[in-house]
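Enquirer: Go by the hints and put chain B onto chain A.
Sequence lines, in order, name chains A and B. Under this note's numbering, the letters of the first sequence match residues 3 to 1011, in that order. Under this note's numbering, the letters of the second sequence match residues 289 to 373, in that order.
I should point out that these hints are in silico values taken from the structure, not numbers from a laboratory. A portion of the hints provided could be inaccurate.
[Stated by the list, open to error] Residues of chain A clear of chain B, computed beta-carbon distances all greater than 10 Å:
#, residue
1, D336
2, V595
3, V649
[What the hints assert, rightly or not] Label pairs and their in silico Cβ distance ranges:
#, chain 1, residue 1, chain 2, residue 2, range
4, A, R168, B, G365, 51 to 59 Å
5, B, P339, A, L533, 30 to 38 Å
6, B, P339, A, T930, 37 to 45 Å
[As the list claims (entries may be wrong)] Here chain A is said to cover these stretches of chain B; the calculated rule only asks that three of the stretch's residues, wherever they fall, bring their Cβ under 8 Å from a Cβ of chain A:
#, region
7, 302-310
8, 328-338
9, 351-359
For each residue, glycine too, the CB sits at the ideal point set by N, CA and C.
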Amino acid sequence: MNKVPSKKKGSVLVVGGGIGGMQAALDLADSGFRVHMVQRDPSIGGTMVMLDKTFPTGDCSMCMISPKMVEVGRHLNIDIHSPAEVVSVEGGPGDFSVRVRVAPRYVDPDKCTGCGDCEAKCPKKVSSEFEQGLGVRKAIYSLFPQAVPNTRAIDRKNCLYFMKGRCRICEKTCKAGAINFQDEGKELELNVGAIILCPGLDRYDARARGEFGLGRWKNVVTSVQFERILSASGPYKGEVKRPSDGKHPKKVAWIQCVGSRDPHNANPWCSSVCCMYATKQAIIAREHDSEIEQTIFYMEMRAFGKDFDKYVERAKNDYGVRYQRAMISVIREDPATGDLLLRYAAEDGKLVDETFGMVVLSVGLEPHRDAVEFAGTFGIETNSYRFAKTSSIEPVRTTRDGIFVTGTYQGPKDIPETVMQGSAVAGEVMALLGEARGTETITKEFPPERDLTGEEPRTGVFVCHCGINIASTVQVEKVVEAVKDLPGVVYATDTLYACSQDSQEMLKKIVREKNLNRVVVASCTPRTHELLFQETIRDAGMNKYLFDLADIREQCSWCHMGQKEAATKKAIRIVGMAIAKANLLEPLKSDAVGVTPVALVVGGGVAGMTAALSLADQGFRVSLVEKEKELGGLLRNLRHTLEGDDVREFLKGKIDEVRAHERIKVYNDAEVAKTGGFVGNFETTLTTGDVIKHGAVILATGGMEYQPDEYLYNDSDRVITQRELEGRIASGKSPGTGECYVMIQCVGSREEPNQYCSRICCQDAIKNAIALKERNPDAQVLILYRDIRTYGLREDYYRRARDLGVLFVRYEIDNKPLVESLDNRLRIRTWDYMLNRELTMDADWLVLSTGLRPHPTTGKTGEMFKAARNPDGYFLEAHVKLRPVDFPGEGIFVAGLAHAPKNLDETISQALAAAGRAGTVLSRKSLTVSGIVAKHNRDLCMSCLSCVRVCPFDSPYIDEEGRVAHNEIKCHGCGICAGICPAKAFQVNSFRDDQILAMIDAAMAEGKK
Amino acid sequence: MKPQSEQREAPSIEKPHGIPDGWEPNILAFACHYCAFAAADLAGVMRLSYPASVKVLRLPCTGKLDYIHILHAFERGADGVFVAG
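Okay, chain A solo, but in the shape it has when bound:
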């Protein structure tokens, strides 16, 4: 090992470009660090890009991740190295040296414009990994249409030239000259301060389970294949069809736990996500085909996440999904029809044969096949299942200092938890490298902007061929000819690739030569290319808002192939619309506001303290507000975690650390009394009278344990909660000799009015059951449950409890256990669904697994910060998948139980994530606001308050004079205010009414009769 030098590096290595890695990279790059992202595949995106929709909101997966990929790809301070792998790592925290091997791509990224002409012409078809073998790609390819980087790559193993020495059609096709068969790849030496590992996952190879017939029976598919089948951009364009004959299957079955929870044949852990994705797939399948009958064969429904139970209820009640509790041991095919025969034991024990048109195997998640070797490269330890070794109190740290882990390499988990951990590692790295912030970042210098005051529009138009992507359908020269004499246009030309390096230089030169003051480029979508061109004209001394992009590729040439004339006519209209708008564009200023580099953390539980410490270590001052006299929150009642960590010692350490930290000020016996302001500049008054100015706030108001009144809790001393039992075990009072303990799960959870899973109780019960059995094997422990939800690696403890002789008996919500008091004992009666008869037990202790509730202060605090809550009273994050710690209002973040019930490790992850997100705000000297905001004209405004009511960002407000004013800092430029304002007092920059009307005129120029 090298000696750790005193100077820390300001750059970070992120290994893996899935959603977790992308989140970490963006958070870090947005807060003053330079990021190197090493990705094994030719482009980033990971697993999430393959999914059709996401649970429980049904959002389109690609629509969510695509803008993030574009952001990562375009970020000045993120370098993507792909396809590449890390070869070796030396050094320690603050200063690692890393060797990276970049594999040859055979396409020069500096020259390739991503037009895809080569791919269209390539004669070699290969089974597509992205489409999971249900579709084909070419030997020169991008993984998927929205790939970032979209530089194509040649798959050497399948390329005809590499195989047989002839072809080179791509080389002849590429007008940019980007193909390079001599590419040998390269080796990079990177110097970074910290390393983040997020290599993602593999899925269990269900072909190993021959009895399910995957690969043999055509209509048996994996869940990921089914995602592709459901996807509107997938191989079947979203039609639910059978691979064997293209027919619509009437009955579809899902088989759960394929490769999971099976220590003998496959992986012992629970993959955490399959119950929910199967539910989602069953819902979407019905949405795509109303005739479908869906059956999910499962062992236990693990809907443990926020709003998951409600989702399952909806699947049952609104979408007709049948949940059949049964294990399927074999699938047989009817060779004549391709139908599949499943045999299972029904609830009453009878064997049932049922035929399905299609079967989906819900395959589990597992670490990459080379996960052990991967760990070796980085010098970190793995657990026995090849996941990176972490602990419940340090959930994102590996065994090597300065190397962090996020996502499924840490354990099976779903998207929001991966994103949360992505921000959490960012928070950890910011704390580690805080002092090196801004030392290695690049900023772009621009020439001064030319003053255009009083000038008439002088618009330049550049129409792109995009190789042949546009030009083979749209007659580009005709477009140029048709628009060159339109009002305002002083110059019009065509260009082979508008986005290529040399075209950009040419564009700048023409702007100067022709003295242009508006630019229109007609090429592809503004969603990916607007920023690029805006930067180019800014480089030529123009205000970047004097630009418009006409989309004549995605929305014209690609949709109207073979209709040259119609497409050309449409392209002329589209360019005309852009010119009409451009002529009316005005230079806009991007305002900037200063940031108070201080954080306010509301709540002094473990979430609040963790966030406060992370922020303080990052270098910011923190005010920590706690309602009680002591710090620690709900965790003070806990002694050990399921994994055996000593919670008391951990908590004492945290409290001491917080108290001792020079940058943290704790306010005990204090609550928020009033608050105001906006991101970067809040001012909050406490009930103690203290006034705090801060730039960001983290709401960690925590939760409460449910106080039961069920099952004689208030009548008998022998009825206790898990927390009370934990105390008895710790003090040695339990278990007494020969004692019998009966536990009841889901007390106060998963039933009206609290129709949600409290997530922690199954593990809590199992933790205590194991402790009882370990202290006295003769103690009898019986757990009455609805579903045991020991998700992820926690499944080990469920197995251990069973091995120790803990008995599990299932009950159903409409047939709950009955309890009566008998002197010093309790008699419990319940229906046993396995034996199909009633059981009667006499127990010494009845232990209730009580759920969680949000803390009563959550509502009040939420109202003050305008943070919404869900019907159960928990804070509602900005987006359940991709913004799990943000609120819609910027600069406000959430962590811990205030967000939803969760375990200690998850609370810590989320707190670190909130700190990381807050760090991206606090680390900036000023926040720049986009020029595209709504402008408020007070002279027209009648203060009718329509805008105040509809604005999702609270930017219009009532000022001291009692009239509507507008805070542009909070404005996102959506223009809902402009749409609703009866007086037209709001106009959105670059989308003003006169601009839109001019575009309509241009669009309809020939439509008038």
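Expert: Okay, now just chain B, sitting in the frame of chain A:
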């Protein structure tokens, strides 16, 4: 299928003009930048075809749309307006 009763009442209403051969409606679509405009892009990426007479106007959000925009489009000869967001 129309219910029978509705079909019987139909004669009292003026019959719509027949559509001339080869006529294509002139349609203007107002699309939200974040969803419908992105969907229109995806349609292109997937090479899905629709009539070339459909033109898309990008808005920051369909909440921005005003009556005057729709009326103006009809005034200028649009046969249909499509709002998606």
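Enquirer: If a hint holds in the structure, say so; if it does not, say that too.
Expert: For each hint, the structure was consulted:
Non-interface status of D336 of chain A relative to chain B is upheld: no Cβ of that chain comes within 10 Å, the nearest being about 34 Å off. Against chain B, the non-interface label of V595 of chain A holds: every CB pair exceeds 10 Å, the least being about 21 Å. For V649 of chain A, the non-interface assignment is confirmed: its Cβ lies about 44 Å from the closest Cβ of chain B, beyond the 10 Å cut-off. Our hint of 51 to 59 Å for R168 of chain A and G365 of chain B holds, since their Cβ atoms are close to 56 Å apart.
Between P339 of chain B and L533 of chain A the CB atoms are about 31 Å apart, so this pair conforms to the stated range of 30 to 38 Å. Between P339 of chain B and T930 of chain A, the C-beta spacing of about 42 Å keeps the proposed range 37 to 45 Å intact. Counting residues of the region 302-310 of chain B whose beta-carbon sits less than 8 Å from any beta-carbon of chain A gives 0, not enough to reach three: the coverage restraint is violated. Only residues whose C-beta sits within less than 8 Å of a C-beta in chain A count toward coverage, and the region 328-338 of chain B has 11 of them, enough to reach three; the restraint holds.
Here's how the region 351-359 of chain B fares: 6 of its residues keep a CB closer than 8 Å to some CB of chain A, so the rule of at least three is met and the hint holds.
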